[in-house]
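Peer 1: What follows is each chain in one-letter form.
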Amino acid sequence: MKNRLKVLRAERDWTQADLAAALDVSRQTVNAIEKGKFDPSLPLAFKVGRLFELAIEEIFEYE
Amino acid sequence: MKQNELHQPSMAARTKRNTLRLMTWTILWVISVALLSLGPQLIWNFDMVMTTVAIICNLALGYKLILVNKDYLSGLDELQRWIQLNAMGISLGVGLVVGIFYEVLEDIKVITFEPQISHLIIIMALVYIVSIFFGNRKYS
Chain P
8 MKNRLKVLRA ERDWTQADLA AALDVSRQTV NAIEKGKFDP SLPLAFKVGR LFELAIEEIF
68 EYE
Chain X
136 MKQNELHQPS MAARTKRNTL RLMTWTILWV ISVALLSLGP QLIWNFDMVM TTVAIICNLA
196 LGYKLILVNK DYLSGLDELQ RWIQLNAMGI SLGVGLVVGI FYEVLEDIKV ITFEPQISHL
256 IIIMALVYIV SIFFGNRKYS
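Respectively, the protein sequence lines represent chains P and X.
Reminder that position 1 of the first sequence reads as 8 in this note's numbering, one-by-one numbering, no gaps.
Reminder that position 113 of the second sequence reads as 248 in this note's numbering, one-by-one numbering, no gaps.
So here's chain P without its partners, still in its complex pose (with noise of 0.2 Å):
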């Protein structure tokens, strides 16, 4: 899956750190899932989505 994790991140100006703790997931998670390496759950995709007041497609592309 692609996403968008990076850039909605980098608009409001968080660290990886910062998105991991509103998350509740480590920093080695979020990283992972920006670089397309894990896919996360979709309780934990709905989570991204709220924060980011985003739907998930708007967030995650499935290749």
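If you are wondering where the hints come from, they were derived from the structure by calculation, not from laboratory data.
Treat each hint with caution, since some may be false.
What the hints assert, rightly or not - Not everything, but these chain P residues come out facing chain X in the computed CB check (under 8 Å):
{"no.": "1", "residue": "A27"}
{"no.": "2", "residue": "D31"}
{"no.": "3", "residue": "S33"}
{"no.": "4", "residue": "F45"}
Even glycine gets a Cβ: it sits at the ideal position worked out from N, Cα and C.
Could you slot chain X onto chain P? The hints should help.
Peer 2: Okay, now just chain X, sitting in the frame of chain P:
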């Protein structure tokens, strides 16, 4: 982002706390295993009351260790759980395959000594550690 969202107890702090708990109970359990293994012969001369107390302590600490380990896994995030799951799956698989293989080697007289469960545990522990290392490296 709201400030209070940024200052919740962090994932790292929670994992650190759970890791310390796991380490503490593991050490206590290992001590109870050592006491149960060596105590009857070296300390209390096979006194049944003392041996019974050592058995109960060992089982109780083992039970607590299982619960603490379960809490540790529950406290991880989904990527960390995925890494743990892979490592445990590989360790279990290697344990089964190598364990049976090791036993068969003795049955067919390829090795002359009796297989020890401790050898299998050492192999499984090493495989688990290596799997965790490579799992973390893969997703770093």
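Peer 1: Each of the hints needs a verdict: does it hold here or not?
Peer 2: Status of each hint after checking the structure:
At a threshold of 8 Å, the smallest CB-CB gap from A27(P) to chain X is about 6 Å, leaving the interface hint in force. Interface hint status for D31(P): upheld, as the beta-carbon distance to the closest one in chain X is roughly 6 Å, under 8 Å. Taken as an interface hint, S33(P) checks out: its beta carbon lies about 5 Å from the nearest beta carbon of chain X, inside 8 Å. Hint status for F45(P): holds, given a least beta-carbon distance of 5 Å to chain X, under 8 Å.
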